[in-house]
Amino acid sequence: MALIEYRDALNQAFAEEMERDPNVVLMGEEVAEYDGAYKVTRGLWQRFGSKRVMDTPISEAGFIGMGIGASMLGIRPVMELMFWSFAAVAWDQIINNAAQVRYMSGGLINCPIVIRGPANGGTNVGATHSHNHENFLANIPGLKVVCPATAYDAKGLMKSAIRDNDPVMFMENTLLYGEKGEVPEEEYLIPLGKADVKREGTDISLIAHGRAALTALKAAELLAAEHNINAEVVDLRSIRPLDEEAILASVRKTHRAVYIEENKPFCGVGAQIASMLQEKAFDDLDAPVLRISSMDAPAIYSPELEKKQLPRPLDIVEKVLSIC
Amino acid sequence: MALIEYRDALNQAFAEEMERDPNVVLMGEEVAEYDGAYKVTRGLWQRFGSKRVMDTPISEAGFIGMGIGASMLGIRPVMELMFWSFAAVAWDQIINNAAQVRYMSGGLINCPIVIRGPANGGTNVGATHSHNHENFLANIPGLKVVCPATAYDAKGLMKSAIRDNDPVMFMENTLLYGEKGEVPEEEYLIPLGKADVKREGTDISLIAHGRAALTALKAAELLAAEHNINAEVVDLRSIRPLDEEAILASVRKTHRAVYIEENKPFCGVGAQIASMLQEKAFDDLDAPVLRISSMDAPAIYSPELEKKQLPRPLDIVEKVLSIC
Amino acid sequence: MASAAKAKQLDFAKTPINSKLSAQQKVRLLTEMVRIRRFETESLRQYQAKKMGGFLHLYNGQESVAVGCVSLMGDDDHVITAYRDHGHALAVGMTMNECMAELFGKVTGCSKGKGGSMHFFAPDKNYWGGHGIVAGQTPLGLGLAFALKYKGVKGAAMCFMGDGAVNQGCFYESLNMAALFDIPVIYIIENNGYSMGTSLARSSSFKSCLAERAEGFNIAWGQCNGTDIYEVRANVQTAIERAHNESKPTVLEIATYRYYGHSVADAKHTGGYRQKEEIENYKQNHDPIQIFKRRLLEEGTLTEEQYEQLDEAAKAEAATAAQFADESPIPSEESITQDVYFEVDRQTEAGRTGKHFFNS
Amino acid sequence: MASAAKAKQLDFAKTPINSKLSAQQKVRLLTEMVRIRRFETESLRQYQAKKMGGFLHLYNGQESVAVGCVSLMGDDDHVITAYRDHGHALAVGMTMNECMAELFGKVTGCSKGKGGSMHFFAPDKNYWGGHGIVAGQTPLGLGLAFALKYKGVKGAAMCFMGDGAVNQGCFYESLNMAALFDIPVIYIIENNGYSMGTSLARSSSFKSCLAERAEGFNIAWGQCNGTDIYEVRANVQTAIERAHNESKPTVLEIATYRYYGHSVADAKHTGGYRQKEEIENYKQNHDPIQIFKRRLLEEGTLTEEQYEQLDEAAKAEAATAAQFADESPIPSEESITQDVYFEVDRQTEAGRTGKHFFNS
Ligand SMILES: Cc1ncc(C[n+]2csc(CCOP(=O)(O)OP(=O)(O)O)c2C)c(N)n1
Ligand SMILES: Cc1ncc(C[n+]2csc(CCOP(=O)(O)OP(=O)(O)O)c2C)c(N)n1
Ligand SMILES: [Mg+2]
Ligand SMILES: [Mg+2]
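Protein chains in written order, with my numbering: chain U, 1 to 324; chain V, 1 to 324; chain X, 1 to 360; chain E, 1 to 360.
Quick caveat, the hints were computed from the structure, so don't treat them as lab data.
Think of the CB as a built atom: it goes at the ideal place given N, C-alpha and C, for glycine as much as any other residue.
Any given hint might turn out to be false.
Claimed, not checked - Quick look at which bits of chain V chain U covers, simulated, 3 or more residues with Cβ under 8 Å:
(1) 1-11
(2) 97-105
(3) 112-125
(4) 286-296
All chains, please: the whole structure from these sequences, using the hints.
Written as structure tokens, this is what we have:
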């Protein structure tokens with residue numbers, strides 16, 4: 001296995017799928033000649049040319065809508081939002097056109113589009129640039145939502161997302177682009193809708209998605225080292241479709257759970273999972289399902305404080321100790 | 001007390017607040033010369049003139065943004081979205097500018113704006129026109145979200161919303177506009193953040209917001225009449241700020257709860273409330289908190305089916321019986 | 001005025017695209033317009049009989065636009081429009097049955113009763129809807145045309161929109177990209193003078209016309225009158241040729257008029273925001289069906305009897321469609337959660353992995 | 001070319017708004033430009049010393065635009081801009097201390113460390129930010145001007161934006177309303193030739209210039225060069241008068257240039273999407289500070305020594321600001337959830353009713 005950056009894992013996924021299917025086309029601001037604002041599409045314009053890798057103006061509603069329209073005719077656009085935060089200006093195109101045109105046409109149309117880009121706080125770029133939309137988008141029937149935490153997951157899930165015949169909202173993370181992980185040389189795919197138990201444990205389930213899954217892993221190490229608590233870490237990877245079975249299996253084993261995410265708390269993904277758990281595992285739970293989210297305010301700029309606004313390993317340890 | 005329509009209760013609130021404060025201005029598509037698509041602003045253009053009641057082009061991002069900008073300078077715009085569904089084209093203006101400009105300016109600015117209009121399904125206008133955004137908007141710190149179910153609540157909450165110095169997202173309902181309710185002759189205000197126990201009960205708490213609160217009331221009557229179950233109905237009225245105390249007090253009395261809403265289920269308001277209840281009333285709950293939402297698909301057009309897609313009294317009865 | 005207008009009409013009849021029409025083709029154009037009108041009138045009746053819900057936006061008065069434009073479509077030309085979509089649907093060849101059944105919310109509807117009046121679709125006929133959000137279809141139209149170019153096919157996408165829709169920002173984002181990337185999209189502004197209860201002058205600031213806004217994006221644009229279907233065809237043909245031969249966009253504004261209110265619920269459309277005389281004037285002097293009929297009668301292409309026949313046939317077709325719709329079954333309750341995900345509908349491996357729906 | 005350019009310069013010096021400037025006022029214009037440049041250069045140094053996070057978009061090269069425009073502001077004129085906002089902030093009179101402290105994320109920053117580089121605000125100085133979403137400020141600028149008109153105040157709102165921002169739809173929605181409602185807003189397109197790594201030609205389709213897009217909305221527009229601050233002032237003055245006297249909008253495009261990358265993180269800005277020669281040419285031949293300085297020297301309004309002094313003062317001011325920022329405290333952890341709701345901050349009854357924050 002090669003040790004490569006998360007961004008390069010994505011880059012490999014694009015290249016492989018573009019080789020495989022001439023209808024796959026990459027579009028977005030600065031994705032071509034500039035190699036991508038975060039270099040995720042590095043080298044692809046040189047390799048595949050201007051027809052397959054296209055720079056767009058700063059017109060998210062326009063170009064996302066253009067991609068959706070093209071996907072209705074069988075093109076498979078992979079659209080970059082330089083930040084997922086900018087989805088706000090293309091919101092209508094995403095939630096009405098991509099998500100609902102299949103339904104409104106009684107199944108005559110489908111939109112094999114991937115919309116991707118980083119969705120995270122933690123880089124001191126202020127409130128407008130630090131939104132996490134995954135809870136919103138997963139609320140919308142018709143959309144699929146994926147949040148990989150590692151290079152391995154990013155590549156395998158991206159390849160599945162591109163081949164998927166429904167619109168997939170693919171959420172990356174600028175803080176993870178430079179993280180290295182093991183990625184096999186041979187081709188592999190990871191199905192959407194399969195969680196990954198990133199650490200086996202017996203005492204409590206730390207359930208998370210996106211970068212928070214890595215924070216949970218760090219917390220699990222601390223819990224083991226300092227508190228003799230053996231935590232299991234379940235990384236959802238895909239929010240919709242959701243691997244409820246994996247979550248329930250873990251909690252039925254550990255009887256305790258904490259959900260960790262970088263979303264804001266009100267109606268976050270953690271709310272959905274906690275609500276599901278108390279309903280479907282009521283008698284298995286020895287304590288309430290607790291939740292850790294980003295502190296409930298717009299993302300602060302101040303670098304020292306933004307660190308505190310997002311879930312940290314010690315925040316998780318503290319929550320866990322309150323119920324273990 | 002006069003028996004008046006929900007729409008007229010709102011109309012009174014506008015008129016009274018416009019009399020009271022010359023900075024209150026109504027804007028939106030067809031609100032002036034046409035009296036509003038749903039006649040909520042009937043007569044106000046004649047009465048207050050074109051300066052105070054303004055028709056806008058079909059440019060939601062533009063005019064909502066214009067209202068936000070004006071509010072920063074002390075105007076108090078009450079902006080109609082003909083449907084809250086159309087907020088999708090103004091999403092960035094709402095979640096970034098209205099919600100966050102105060103924060104990003106370190107508290108130097110505030111936006112006393114009300115954005116209002118109907119937010120509901122059930123009128124066979126198809127998926128694009130039937131969104132419920134309250135869970136999304138209440139997720140965003142900086143916004144307030146209100147969903148009145150009766151004429152009385154609509155008027156009292158609207159007056160408070162207009163006087164509030166923060167941005168208030170006010171969600172009405174086309175199915176309720178024609179519903180009559182008792183409204184006092186004398187002036188009154190209802191504070192944001194206070195739930196209303198619309199029916200006292202002892203056996204189970206039916207917690208809801210918007211029109212679902214009325215559906216819950218109907219279910220409560222059925223439960224009393226046919227099943228000897230005395231349900232309490234708690235209408236949140238305001239989603240953010242939220243009256244957690246009222247919810248907890250009810251559940252500590254009844255030990256059982258069902259949340260009813262017309263949102264889609266994944267990360268709906270019910271998820272937040274169920275998650276909160278299992279955390280804060282873990283030992284008080286004799287059964288899991290159950291949830292009823294709109295059926296998890298885009299809003300269907302077919303009139304017969306759309307009725308079934310939204311929560312009905314019998315759906316609630318059935319859920320209640322499963323845990324009582 | 002009258003003779004000038006007539007002279008103009010004659011001109012458009014002489015343009016190659018019109019002069020080469022056979023008698024049969026001319027009668028076909030008229031028939032299509034009449035079919036639309038009869039369908040709309042029947043749907044109004046059925047709406048009043050409470051056979052459907054939601055909105056109903058009628059196309060009466062605007063028939064020459066949809067029929068004129070669609071009559072020029074080749075195999076690789078595509079169409080997309082807004083919510084006032086029945087005319088375009090029938091023009092591309094959708095049956096009255098499937099359209100009426102859709103209005104009734106029946107399983108036999110073109111969208112299985114899921115879309116309703118605003119959301120008709122027939123991808124097999126290159127018809128991509130029927131879209132309810134004002135101007136929301138404008139980037140989609142760009143995307144259809146993009147796909148044609150990407151695939152190397154000589155085609156165009158005609159994207160229809162109203163005069164009110166020009167004030168949605170995504171239209172300008174689309175215009176810029178259409179010009180920048182040389183995309184063969186044709187934006188057709190059906191300017192019927194009103195967006196709901198707001199007249200053109202109260203909704204838009206412009207110079208000579210709305211289409212002229214394209215000038216600043218360096219896009220070819222034009223304006224024409226929709227009264228005469230030949231004029232529509234002549235102007236659209238130029239745009240289609242530009243799309244096919246140069247892969248360039250066009251914005252074309254067509255003046256037209258709607259006889260009914262914005263939707264059936266619009267009580268103020270006569271005597272409110274517009275006067276009865278205005279409507280009557282249009283019906284008397286600009287009705288595209290009457291004008292084209294008169295022309296065909298005058299030139300001897302059609303007899304009054306033939307007209308009666310085709311009109312009766314259209315009426316009967318609409319009545320039959322209403323009966324078909326009425327007798328069709330409503331969709332099953334299970335169907336509410338079908339047609340959401342392609343993969344789930346097909347029960348592929350992706351569709352069977354993980355939970356896709358969340359009603360506990 | 002060179003002499004023609006000079007002739008043009010002289011012309012703008014003779015326009016009333018410039019010819020009436022006192023020597024002191026002229027030196028003040030120069031000083032403001034120099035202060036901005038020194039501030040930016042110091043922030044770059046501090047960024048490289050890792051004293052701040054996030055983005056840093058420098059204004060070097062564009063100083064004449066902010067200073068020229070702001071120099072014309074009366075008590076009731078307002079300003080709003082995008083994320084490249086330091087120049088405008090200093091021009092309206094914000095102190096280097098509060099600006100630098102904001103970059104450092106300190107409690108003494110203008111936004112208490114909450115906004116960062118892209119989000120400077122000073123409502124007391126009629127300065128409404130500092131906005132990170134491209135073109136997201138364009139409807140806000142319209143709203144500021146709307147408020148002025150509503151209040152019956154004779155004022156204007158200048159809304160700055162980049163050449164890339166013209167492709168966001170909400171700008172056109174704003175233009176239409178500005179014209180339709182006669183709103184005294186002035187859109188100033190600071191055309192520095194690039195949106196990130198994309199040149200003007202690769203992002204926009206237009207006729208003579210971007211501002212010409214306003215023509216289709218029947219809005220007055222103009223284009224000018226930002227090299228000469230007098231030219232900027234002369235053109236903006238016309239727009240301000242139009243706003244004040246006729247309550248009408250203007251779109252004004254000003255050609256300018258940025259010396260650094262899009263943000264500090266932009267590695268490709270020299271040798272990538274643009275060549276070193278291009279940057280050098282601008283610095284040599286079009287630098288607004290050098291050109292204005294030369295003019296003042298030539299006409300005897302300024303001596304080299306005076307220039308050295310004001311430059312040194314600006315440098316010292318920037319260095320002091322960096323020290324001030326460095327020594328300032330970071331905000332408290334509790335402050336993270338402050339400044340979210342007005343009512344909560346003031347602990348009004350509304351702020352005390354119900355739960356506003358949800359970290360369990
Ligand atoms: C974004 C959005 N805003 C508002 C509406 C409500 N609405 C539907 S049609 C319409 C008027 C559109 O007028 P025009 O574009 O001229 O088309 P016409 O109805 O005349 O065919 C309005 C305001 C909508 N559907 N979408
Ligand atoms: C809606 C949106 N899309 C993309 C971005 C990312 N972005 C920030 S600045 C920028 C380039 C803007 O260029 P221009 O408008 O010319 O301004 P300049 O940087 O030259 O001052 C881009 C793409 C953003 N902030 N907002
Ligand atoms: Mg119209
Ligand atoms: Mg630029």
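Against the structure, the hints:
no. : hint    : result
1   : 1-11    : violated (count 0)
2   : 97-105  : holds (count 4)
3   : 112-125 : violated (count 0)
4   : 286-296 : holds (count 6)
Hints 1, 3 from the earlier list are contradicted by this structure; the remaining hints agree with it.
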